[in-house]
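Colleague: Dock chain B against the given chain A, drawing on the hints supplied.
From first to last, the protein sequence lines stand for chains A and B. One gets the working numbering by counting positions in the first sequence from 1 and adding 572 to each. One gets the working numbering by counting positions in the second sequence from 1 and adding 220 to each.
Just so you know, these hints were derived from the structure itself, not from any lab. Any given hint could turn out to be false.
Here are some, though not all, of the chain A residues that point toward chain B, as calculated from beta-carbon distances under 8 Å [unchecked claim]:
#, residue
1, Glu593
2, Ser594
3, Gln595
4, Tyr727
5, His729
6, Val763
7, Ala767
8, His789
9, Gly792
10, Ala795
11, Leu834
12, Pro835
13, Arg836
The beta-carbon is built from N, C-alpha and C at its ideal position, and this holds for glycine as well.
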Amino acid sequence: MKDSQPLLQVNDLQVSFKTDESQVRAVRGVSFDVHPGETVGLVGESGSGKSVTNLAMMGLVPKPPGRIDGGRVMYDGKDLLTLNERQMQSIRGRRIAMIFQDPMTALNPLMTVGQQLTEMTRLHLGLNKREANRKAAEMLELVGLSGAEKRLRDYPHQFSGGMRQRVMIAMALSCEPDLLIADEPTTALDVTIQAQILDLLRDLQQRRGTSIIMITHDLGVVAEVCQRVLVMYAGRVVEQADVQSLFAAPKHPYTLGLLNSLPRFDQSSHTLEAIPGQPPDLGNLPAGCSFRPRCPWAVDACANEDPRLVTMDQDRQVACLVAQETANV
Amino acid sequence: MSDSTQTEGTRAADSVTADPPLLSVQDLHVQFPFSRGSFLNPHHGVIRAVDGLSFDIREGETLALVGESGCGKSTTARAIINLVHPTSGRVRLCGTDITGLGDRAMMPHRRVVQMVFQDPFASLNPRMTVGNIIGEPLVVHRLASGKDRKLEVLRLMDLVGLNPRFLNRYPHEFSGGQRQRIGIARALAVQPKLILCDEPVSALDVSIQAQIINLMMDLQQQLGLSYLFIAHDLSVVRHIATRVGVMYLGRLAEIGEAESVYSHPTHPYTEALLSAVPVPDPVLAATRQRIRLVGEVPTPDREHVGCSFADRCPLVVDRCRVDRPPQEQVVQTSQLHTVACWERGK
Numbered sequence: 573m574k575d576s577q578p579l580l581q582v583n584d585l586q587v588s589f590k591t592d593e594s595q596v597r598a599v600r601g602v603s604f605d606v607h608p609g610e611t612v613g614l615v616g617e618s619g620s621g622k623s624v625t626n627l628a629m630m631g632l633v634p635k636p637p638g639r640i641d642g643g644r645v646m647y648d649g650k651d652l653l654t655l656n657e658r659q660m661q662s663i664r665g666r667r668i669a670m671i672f673q674d675p676m677t678a679l680n681p682l683m684t685v686g687q688q689l690t691e692m693t694r695l696h697l698g699l700n701k702r703e704a705n706r707k708a709a710e711m712l713e714l715v716g717l718s719g720a721e722k723r724l725r726d727y728p729h730q731f732s733g734g735m736r737q738r739v740m741i742a743m744a745l746s747c748e749p750d751l752l753i754a755d756e757p758t759t760a761l762d763v764t765i766q767a768q769i770l771d772l773l774r775d776l777q778q779r780r781g782t783s784i785i786m787i788t789h790d791l792g793v794v795a796e797v798c799q800r801v802l803v804m805y806a807g808r809v810v811e812q813a814d815v816q817s818l819f820a821a822p823k824h825p826y827t828l829g830l831l832n833s834l835p836r837f838d839q840s841s842h843t844l845e846a847i848p849g850q851p852p853d854l855g856n857l858p859a860g861c862s863f864r865p866r867c868p869w870a871v872d873a874c875a876n877e878d879p880r881l882v883t884m885d886q887d888r889q890v891a892c893l894v895a896q897e898t899a900n901v
Numbered sequence: 221m222s223d224s225t226q227t228e229g230t231r232a233a234d235s236v237t238a239d240p241p242l243l244s245v246q247d248l249h250v251q252f253p254f255s256r257g258s259f260l261n262p263h264h265g266v267i268r269a270v271d272g273l274s275f276d277i278r279e280g281e282t283l284a285l286v287g288e289s290g291c292g293k294s295t296t297a298r299a300i301i302n303l304v305h306p307t308s309g310r311v312r313l314c315g316t317d318i319t320g321l322g323d324r325a326m327m328p329h330r331r332v333v334q335m336v337f338q339d340p341f342a343s344l345n346p347r348m349t350v351g352n353i354i355g356e357p358l359v360v361h362r363l364a365s366g367k368d369r370k371l372e373v374l375r376l377m378d379l380v381g382l383n384p385r386f387l388n389r390y391p392h393e394f395s396g397g398q399r400q401r402i403g404i405a406r407a408l409a410v411q412p413k414l415i416l417c418d419e420p421v422s423a424l425d426v427s428i429q430a431q432i433i434n435l436m437m438d439l440q441q442q443l444g445l446s447y448l449f450i451a452h453d454l455s456v457v458r459h460i461a462t463r464v465g466v467m468y469l470g471r472l473a474e475i476g477e478a479e480s481v482y483s484h485p486t487h488p489y490t491e492a493l494l495s496a497v498p499v500p501d502p503v504l505a506a507t508r509q510r511i512r513l514v515g516e517v518p519t520p521d522r523e524h525v526g527c528s529f530a531d532r533c534p535l536v537v538d539r540c541r542v543d544r545p546p547q548e549q550v551v552q553t554s555q556l557h558t559v560a561c562w563e564r565g566k
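So here's chain A without its partners, still in its complex pose (with noise of 0.2 Å):
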């Protein structure tokens, strides 16, 4: 998988807000492939700049506040990050689509489920009305909503959670595009439907080759469903593996902290170690390393250096002074 051209380059995307006190640097040079076929797993707590990614990508920053200070988003050949308004649109929705946390505030009210699932077909491939309420009711079939004929008249209030969430999918499957970004997708959902959620998006994954995007806080999700893991703190990627390496030997103490003070449900109680202390405040971070002030591999050298995300051996990069040297050794 990984031999093949990447899908999707981000290199060293930079993006920064302004509040009344000062400049607030969400995103901090974050670099990523994401090859074709494949589920790349974004994953931090809130504020570690996992979404601003994301909108960043698409065009989404909302600007003035926010302001797009470096790096380039390389798809099919185009900087993303140079497009016109006009030129993305016929790439967002088309050939990069998104779902997200919320299905009920993503979905217009106002509109039957069939109107918005045609609207996407209707504008970006061409389709007349009758092809596109046939092609409606086929993705409706395809992520498992019975009777989606009668279904396209309903409006999203007629729906439960994780239906809508289902007819979120299949309008962002609806062009077939080339890779699914997932914000959040089941973070509002109960777990055994996000259990159906999950298995959903690997089927239609393997079915279509569709690259994913899977932004989680949850370790638990990520485990189920990324092939890659970039985990993500103070708006910088910590460290990046493969999954299975990821959870079975963390390099990065961030993460060792995160799987540590994770409660486990397979397993009776072992004590959390939780990570002390708060996460930074972006618009005022430490010097040096930002995890500083709560790593307990803190050396002095770490207060003057911000450690660069550096390979370690195939497929694994970490940003920490320590482990480097440890590896080295």
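Modeller: Okay, now just chain B, sitting in the frame of chain A:
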């Protein structure tokens, strides 16, 4: 139903202590009437949020109620302290019947049982300082005033790991985790025996969540507290609970010691629920069997004569649709572990 609760009551009493349990809930029902349809042709009905629930909480233990949205777990907590009034059933606190008491009559009991809410942003008054928020219960219950009150507030802040320097700050100056500490300090101010926690950590990030869980477990050890812990996160529950009750459509599907329920889930709903939890272990995630449930939890607006899970149950037999399974059927592994299922309770 009444004999089933009695059996459970007696069993609990035999095995642990002769004292009445700290909290005893018997055959609790909470219904919300609704009407829909047109003005001229209305259709009236009731939502059966809690539909015949019985359980005890003993001193020093944590009972967790788990289940998906709409299963009635939060309503149960609210009905216990009369934030909503139960339609029928009995709630006893230290042996005293407190079912449906009004605000004034409830006052002395609120010193025994307190509540911590899910949303640390909505449950703190933004116009009050932290000191006043934590001190307010002391004023309301006339427990301390003047300098004593301030000292007590400082002690409470220290107890929950808040820097006493923050006494005069406002809630918006704190992060989610710190706000939840404020909510816990406020609940502890009246020195309660029982705290009802409604999803206390579900709004928090993982690393902060662990801090609050550890704090709650420490406080329990230090102060001998009991918790009713309402949550949907089954991993958190396994960690914190002594006993677990799994709810489905206002009823208990299964209840027992945490260890027993997690290692021997017996009700088909519990099995499906546990198998749906994502595990942070890619190797295990790829190999383990998942029990897929069809459909979604229905709205609790109709009466289930038989088992409320019958429509989605993979094991359903004719009896399940007409006869409600009692909660008293003991699971082999443990005397305190019971299940409401005709097929599995045999």
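Colleague: How about Tyr727(A): closest beta carbon in chain B under 8 Å, or not?
Modeller: With Cβ-Cβ at 16 Å, over 8 Å, it is violated.
Colleague: Can we keep the Arg836(A) interface hint, with Cβ of chain B closer than 8 Å?
Modeller: holds, 6 Å
Colleague: Holds or violated: is there a CB of chain B closer than 8 Å to the CB of Ala795(A)?
Modeller: Hint on Ala795(A): holds, closest Cβ of chain B at ~4 Å, below 8 Å.
Colleague: Verify the interface restraint on Pro835(A): the C-beta must sit less than 8 Å from at least one C-beta of chain B.
Modeller: holds, 4 Å
Colleague: With 8 Å as the cut and Cβ atoms as the points, is Glu593(A) at the interface with chain B?
Modeller: It is violated, given that the least Cβ distance between Glu593(A) and chain B is near 14 Å, above 8 Å.
Colleague: Using 8 Å as the Cβ threshold, decide whether Val763(A) counts as touching chain B.
Modeller: Because about 5 Å separates Val763(A) from the closest Cβ in chain B, which is inside the 8 Å limit, the hint holds.
Colleague: Minimum Cβ distance from His729(A) to chain B below 8 Å?
Modeller: At 13 Å from the nearest chain B Cβ, His729(A) fails the 8 Å test, so the hint is violated.
Colleague: Using Cβ atoms only, decide whether Gln595(A) comes closer than 8 Å to chain B, and label the hint accordingly.
Modeller: Result: violated, 21 Å to nearest chain B Cβ.
Colleague: Against chain B, run the beta carbon of Gly792(A) and see if the smallest gap drops under 8 Å.
Modeller: holds, 3 Å
Colleague: Holds or violated: is there a CB of chain B closer than 8 Å to the CB of Leu834(A)?
Modeller: Status holds, d = 6 Å.
Colleague: Hint Ser594(A) vs chain B: min CB-CB distance below 8 Å?
Modeller: At about 16 Å, which exceeds the 8 Å cut-off, the nearest Cβ of chain B leaves the hint on Ser594(A) violated.
Colleague: Can you verify the interface hint for His789(A): is its Cβ closer than 8 Å to any Cβ in chain B?
Modeller: Where the cut-off is 8 Å and the nearest Cβ of chain B is about 7 Å from His789(A), the hint holds.
Violated hints for the displayed structure, listed by number in ascending order: 1, 2, 3, 4, 5.
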